[in-house]
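Chains A and B, in that order, are what the protein sequence lines are. The letter at position 351 of the first sequence is residue 349 when you use our numbering, and the numbering goes up by one with no holes. The letter at position 172 of the second sequence is residue 170 when you use our numbering, and the numbering goes up by one with no holes.
Read the hints as simulated data drawn from the structure, not as lab findings. All C-beta atoms, glycine included, are put in the ideal place defined by N, C-alpha and C. Hints may be right or wrong, so weigh each one.
Beta-carbon label-pair distances, calculated as ranges [said to hold, decoys possible]:
#1 E1/A / E353/B: 22 to 32 Å
#2 A282/A / G278/B: 51 to 61 Å
#3 D64/A / S389/B: 29 to 39 Å
#4 D64/A / P106/B: 28 to 38 Å
#5 S354/B / D76/A: 46 to 56 Å
#6 P35/A / S41/B: 22 to 32 Å
#7 D39/A / D39/B: 38 to 48 Å
#8 R304/B / D64/A: 52 to 62 Å
#9 S130/A / A222/B: 34 to 44 Å
Just so you have them, the derived chain A footprint on chain B, three or more residues with Cβ under 8 Å [said to hold, decoys possible]:
#10 26 to 39
#11 51 to 65
#12 90 to 96
#13 103 to 111
#14 161 to 175
#15 289 to 299
There are 2 protein chains.
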Amino acid sequence: MSEFRYAARAANVIAPAAFAHHRSDMLKLSAGNAYPPALPDLSAEVAEALRRRDETLQYGPLYGIDDLRDAIAAYLHDDGIVADRENILVVNGAKHGLELACRVFLEPGDAVILTGPTYLTAVSIFQANEASFVSIGQDEDGMIVEELEEKLRARSLAGLPAPKLLFDTPDFHNPTGITLSAPRRQRILELAHEYDFMVIEDDPYRRVRFEGAALAPVKSLDTAGRVIGLGTTSKILAPGLKIGWVNAAPQVMRRMAAIKADGGSSPFTQRIVAELMRGGRLAAITAGITKVMHRHRDVMVAAFARHFPEAGFVAPKGGYFLWVELPGDVDSDAFARHAEKFGISVFSGRLSYAESPRTNFLRLSYSFCSPAEIEQGVATLARAFHDLAESGKVAAGQHGA
Amino acid sequence: MSEFRYAARAANVIAPAAFAHHRSDMLKLSAGNAYPPALPDLSAEVAEALRRRDETLQYGPLYGIDDLRDAIAAYLHDDGIVADRENILVVNGAKHGLELACRVFLEPGDAVILTGPTYLTAVSIFQANEASFVSIGQDEDGMIVEELEEKLRARSLAGLPAPKLLFDTPDFHNPTGITLSAPRRQRILELAHEYDFMVIEDDPYRRVRFEGAALAPVKSLDTAGRVIGLGTTSKILAPGLKIGWVNAAPQVMRRMAAIKADGGSSPFTQRIVAELMRGGRLAAITAGITKVMHRHRDVMVAAFARHFPEAGFVAPKGGYFLWVELPGDVDSDAFARHAEKFGISVFSGRLSYAESPRTNFLRLSYSFCSPAEIEQGVATLARAFHDLAESGKVAAGQHGA
């Protein structure tokens, strides 16, 4: 079979690492899948979608069905965000919204600001859009804005163009679980104005909160249309409907829609979500999921204390993930491969970095497995770790990505 | 509101022209929507999707669910195409497959070969991917391969790189309804090898056949993985599920998947389609739709003979569209606007050209309206035409796109 003249970006893209976790013989602590027993019964909403056949089986409007756009705007209202239908574009999950933002703003080589580590799929989407990166560290208050400002100023002094986009997950950051502080939310917006970049606020976990009070979303502080909010039903309802949204200034939303090549998301699945949002049932489902995730987090934290106390982490106050520092000199790629042999799938923390990865972190999810499996999984990880560490075969950095 | 630093491609994209046709007060002869009374009852398949909650509400595999990929491969088998699961990527409609092919193959400025006229949405997708165009004329046997060969040779002599992609709809071409002859299918493949480009065979209408025998798809003649087949359920089942597919060499399919930013199409709607294909019910639904479209075509053709005999067209032997030449000097853009005032939405033929548009054609669809509405619509178009022609206000070319 001959090779073809692929575009450079197609050679750049790293095939998603998420394949091993589809193996049914694996205990999955990798991807943020839904907990199967918490998947909702959607019979009533689906029946409504079937009844509205002329809407749900027909081509739908490019921007999304109006009932859903209105329901999403109302949903955002509860977070203090002023939005109406003209701000909302329905997309096939938040990832798809991120891709559209890249298509509308990024030329090859344009710089994107993100935290190191960050959402691993965002990295591959940015790479597929031929972005360059400005990685900023995090502390317990999130992205370190002083470092951001310094890097922006240094780029400017060096005559480099300002980055086009900043990407962050301010609430229960993926993978670290950190929440961006209120002053930093404000400061990032100020820097966006000063340096003329857009802020992408990815917000899948905000309502999956175990502790603490919510801070105002960056989007709620935005008076100039600088922020593109991304939302999804994957973590608050169920992943399989593939319904997400973009909340942006109308002219930005329309440009994203114009480049959305599918001609409009499925009105069938949109109607299901619209019914769930309008009827208020979504909030009850999210509350149920949150309760489950809270319990799962507690189980995972306790399992580490019991079986693997040498591992380091800060327990997240919401969301789906635990960001774990491996003790000693063990490389995370080697460890992830070793853990697979023990029947556990985990993501090496390397995948969460756009550049200069730290090599001794894991991203674990407590979402998919049962409490008993989480307990067993962490115990097995500890065994795998000690097995690898004692084998002495792997030193830091030996196994590059 | 400030303007932002958009990428050039976002400024290039033309907002879809398909908005007027969502106005409920319009008689729609524009978009190829489903005929509402022909929309199927999917209760049984949806019930199965609800039963399989652990599959359908969870994240699905990036390439699509295996049952659907296998069912699509079997479906293509009936067309003489050898494919298996590893060739099939499930996408959100054929448009989405086209976008992914562009992302995998096109760098800005790369040339795409297409017919003039061609599928209007393909034009905007190629434009959003910053393609340049090599437009080739059609006769009653489809794309004129001698003209194609001549242009390829001239580009080569001029030191220009060969085009990367060729896009065509060999069966019941949109908008002309023409079917590409068997020798030309073969010749296009030979030229693809000689000049090292990929062939995108868009095939939404093949089974919506009123007359004549099917020719072998280009993909069935392809032994080197040069052809990317695009399929969709929109025209053979219902548009609202947004399920389409790519059939390509595995390494091409995998690259398209790696750049498919949504992480996998909805397993809920995939399961519905898989059940329809596996159970054989899809064929019955397609047969019903074909019968309706056949009748609608006959009604439209007869209505033109009765009300608007000066208009020129070749009655299509399948598909959803009639490509109509306006008599005299009337400009199609001006006419489309004028027809709207009479309550009829039509697409100016200009939208179907990537370059050098002919200015006196309309693309009409007979799919959405009832036979009575089609009759009334064509009669009204004739009135609108005579009104415009007699007003003498519009001469050819006066109203540019």
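Here is how each hint holds up against the structure:
1. Our hint of 22 to 32 Å for E1/A and E353/B holds, since their Cβ atoms are close to 30 Å apart.
2. At roughly 40 Å, the beta carbons of A282/A and G278/B sit outside the given window of 51 to 61 Å.
3. Under the hint 29 to 39 Å, the C-beta atoms of D64/A and S389/B, about 37 Å apart, fit the expected range.
4. Checking the proposed 28 to 38 Å range against D64/A and P106/B shows it holds: the Cβ atoms sit about 35 Å from each other.
5. For the pair S354/B and D76/A, the beta carbons lie near 53 Å from each other, so the given range of 46 to 56 Å is met.
6. Evaluation of the 22 to 32 Å hint for P35/A and S41/B yields a pass: the beta carbon distance comes to about 26 Å.
7. Distance hint check: the CB atoms of D39/A and D39/B are about 22 Å apart, inconsistent with the given range 38 to 48 Å.
8. Range check, R304/B to D64/A: about 39 Å between beta-carbon atoms, so the 52 to 62 Å window is missed.
9. For S130/A paired with A222/B, a C-beta distance near 36 Å keeps the hint of 34 to 44 Å intact.
10. Here's how the stretch 26 to 39 of chain B fares: 7 of its residues keep a CB closer than 8 Å to some CB of chain A, so the rule of at least three is met and the hint holds.
11. Coverage of the stretch 51 to 65 of chain B by chain A holds [criterion: at least 3 residues with CB-CB distance below 8 Å; count 10].
12. Only residues whose beta carbon comes within less than 8 Å of a beta carbon in chain A count, and the stretch 90 to 96 of chain B has 5; three or more means the coverage holds.
13. Coverage of the stretch 103 to 111 of chain B by chain A holds. Counting CB-CB distances below 8 Å, 4 residues qualify, and the rule asks for three or more.
14. Given as covered by chain A, the stretch 161 to 175 of chain B fails the check, having 1 residues with a CB less than 8 Å from a CB of that chain where 3 are the minimum.
15. Only residues whose C-beta sits within less than 8 Å of a C-beta in chain A count toward coverage, and the stretch 289 to 299 of chain B has 0 of them, not enough to reach three; the restraint is violated.
Comparing the model with each numbered hint stated earlier shows that hints 2, 7, 8, 14, 15 do not hold.
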